[in-house]
Structure formats: C-alpha cells, structure tokens
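These protein sequences, in sequence, are chains A and B. Read in order, the letters of the first sequence correspond to residues 1 to 142 in the working numbering. Read in order, the letters of the second sequence correspond to residues 1 to 141 in the working numbering.
These are calculated hints, taken from the structure and not from any lab test. Note that CB positions come from ideal geometry on N, CA and C, so glycine has one too. Some hints could be false.
[What the hints assert, rightly or not] Residues on chain B that point at chain A, a partial pick, calculated with CB under 8 Å:
hint: 1; residue: Gly29
hint: 2; residue: Arg75
hint: 3; residue: Glu76
hint: 4; residue: Thr79
hint: 5; residue: Lys80
hint: 6; residue: Thr109
hint: 7; residue: His115
hint: 8; residue: Gly122
hint: 9; residue: Gly128
hint: 10; residue: Ile131
hint: 11; residue: Arg132
Listed below, chain by chain, are the residues.
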Amino acid sequence: MSREVEETNRRLLRARDAMDRAYDQPLDTAALARIACVSEAHFIRTFRATFGETPHRYLQRRRVERSMFLLRESERSITDICLDVGFTSLGTFSRTFREIVGQSPSAYRLGTAPVGGAVPTCFAMAWLRPSSFGEAKERSDG
Amino acid sequence: MKNFDQITSAHIWVLDHQEALDFYVGKLGLEVKTDISQGGFRWLTVGVAGEAVPEIVLDVPGPPVMDEKTAGQIRELVTKGATGVVMVLRTEDCFGLYERLRAKGVEFTQAATDHGYGIDCGLRDPFGNQIRILQPKVWKG
Chain A
1 MSREVEETNR RLLRARDAMD RAYDQPLDTA ALARIACVSE AHFIRTFRAT
51 FGETPHRYLQ RRRVERSMFL LRESERSITD ICLDVGFTSL GTFSRTFREI
101 VGQSPSAYRL GTAPVGGAVP TCFAMAWLRP SSFGEAKERS DG
Chain B
1 MKNFDQITSA HIWVLDHQEA LDFYVGKLGL EVKTDISQGG FRWLTVGVAG
51 EAVPEIVLDV PGPPVMDEKT AGQIRELVTK GATGVVMVLR TEDCFGLYER
101 LRAKGVEFTQ AATDHGYGID CGLRDPFGNQ IRILQPKVWK G
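So that you can see chain A by itself, here it is in the shape it has in the complex (with noise of 0.2 Å):
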C-alpha cells in the first residue's frame, strides 16, 4: 500500500473522529470534507471505499446511538433528545431511528433495560452503534 493511501486514511479517520467527538453539532458534509483536506464529491467516494458507509450514515448512526443511550439511561423527553443529538427535526429523528432501529424511539425506550455493570461508555459507543453492515438484522431474526 502507498503512503498516499495511509495519509488519505489518516485524514478520512479524522473527519470520522470529528462526528464520534461533534455529533450533537450541525455537521454537514462540506465541513467534514475540509477536515479530510478533500472535495466534497472525492470524501463521499473514499470514505465510504474506506469503511464501508458514506459520512451521512456514519454519522445518523452516531446521533441515533446517542439517542438510544439517552432513551435507556435517562429521563429526557424524545424531543429533547432529538435536539441533544444533532437532529433538527423531530419527523427526521423519528424516521431515521425506526428505519436504523426497526422501531420508534418511544417502543425502543419502553423495550429496552439500561446497560448494567462496568462497560466503559467508550466501548458501549463502539458496539451499539447500529450497524449499516448487516449483522443487526441477522440477531434480531434469530
């Protein structure tokens, strides 16, 4: 592999860090692009060639994650929460979360127990983002 590889890697892994970091903030695509150093049209194509989802699911699947922590673990209103994480509209948070999630906000909050024990927020964030990969459907049938 090239070192331009690993440079665009570098920088690619940078815009990605920025949504974990700034989810809760109006990013949009533009802005990510400029942390990657790239044109908006090439950070679309190589972030997505890179790790498998372009930066628009990437990120609705860090807002929705968020979501669905604060829908376990607090007491706030879906509207808040909807703001809290970057949403602006309440009808997008809503669609968005039962098209990721496969239900609303409100059953998944009703259906779903904190997460107990000693799991660093870190790790919790990493595998309860919910995947564009496939396997959440293939342990949701089985």
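Mind docking chain B on chain A? Use the hints.
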C-alpha cells in the same frame, strides 16, 4: 499458585519510531524505558515515569519480520483506526490533563467527560491508534 503475577510488556504498531517518540514521550509525557538499535532492529519501549512495568513496545511493521505487502496491510489498518483502543492510561486529573494535552496539539476523539464510573477522554496517536485516559472513581492497585 497463579500462573502470572504481572503484565510486564505489551506491543503496539507505530509507523515511525521518531514520530512515536515525539508523541508518546514529547506530548503524552511517558518516558523511554529501553532504546536499543542493533543490526536492522530497534527495541524501543516506553512507560510511566517511575513505574517499572508495564513497558509498551513501539514497533514498526516491515521486513524481515514480514513482507512489504503484510506491512502495508498493517499500516492500512492502523491509519484507518482499526486497531482499537491500544491502551488506557490512568490519571488523577483527567479534566486538567485533557486541557494541557489539547494545548499541545493532541488529537482527541472524545472530550473529558464524567461517565459515572470515572472521568475519561479519548485521543489518537499520530498513526491512528486510539488511547483512553481515565480518572477512575474507584482506584485499584
């Protein structure tokens, strides 16, 4: 009798020894434990100042340990951030350390946050390895 009494060393892939030293020693403030170059290799370890163990081996992938293609695959995984959390460092003051390291230009993946079990933050080394810094609520050992 238990089989072991301590973890003495662990290993992480870095992509350049000097850049690794600049970061792990120059920025994070670990100290060099061993630095021996002989023939084609460099045995470079770092650890917490004043603590004998564990030592972290900073190793660069490449021949003759492995072929260039395999080394390239490791470099690709490291730069994609796919090596996971390579170490957790304990501190008495996570918020203060977070600010000091940020001022030095360390790249954080998560700001210092109180999670209940303790305060922690996440950062990356220059290559893509992830490191956590934890100020635990309950101090063990």
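Evaluation of the provided hints:
{"no.": "1", "hint": "Gly29", "in the structure": "violated, 21 Å"}
{"no.": "2", "hint": "Arg75", "in the structure": "holds, 5 Å"}
{"no.": "3", "hint": "Glu76", "in the structure": "holds, 5 Å"}
{"no.": "4", "hint": "Thr79", "in the structure": "holds, 4 Å"}
{"no.": "5", "hint": "Lys80", "in the structure": "holds, 5 Å"}
{"no.": "6", "hint": "Thr109", "in the structure": "holds, 5 Å"}
{"no.": "7", "hint": "His115", "in the structure": "holds, 5 Å"}
{"no.": "8", "hint": "Gly122", "in the structure": "holds, 6 Å"}
{"no.": "9", "hint": "Gly128", "in the structure": "holds, 6 Å"}
{"no.": "10", "hint": "Ile131", "in the structure": "violated, 11 Å"}
{"no.": "11", "hint": "Arg132", "in the structure": "holds, 6 Å"}
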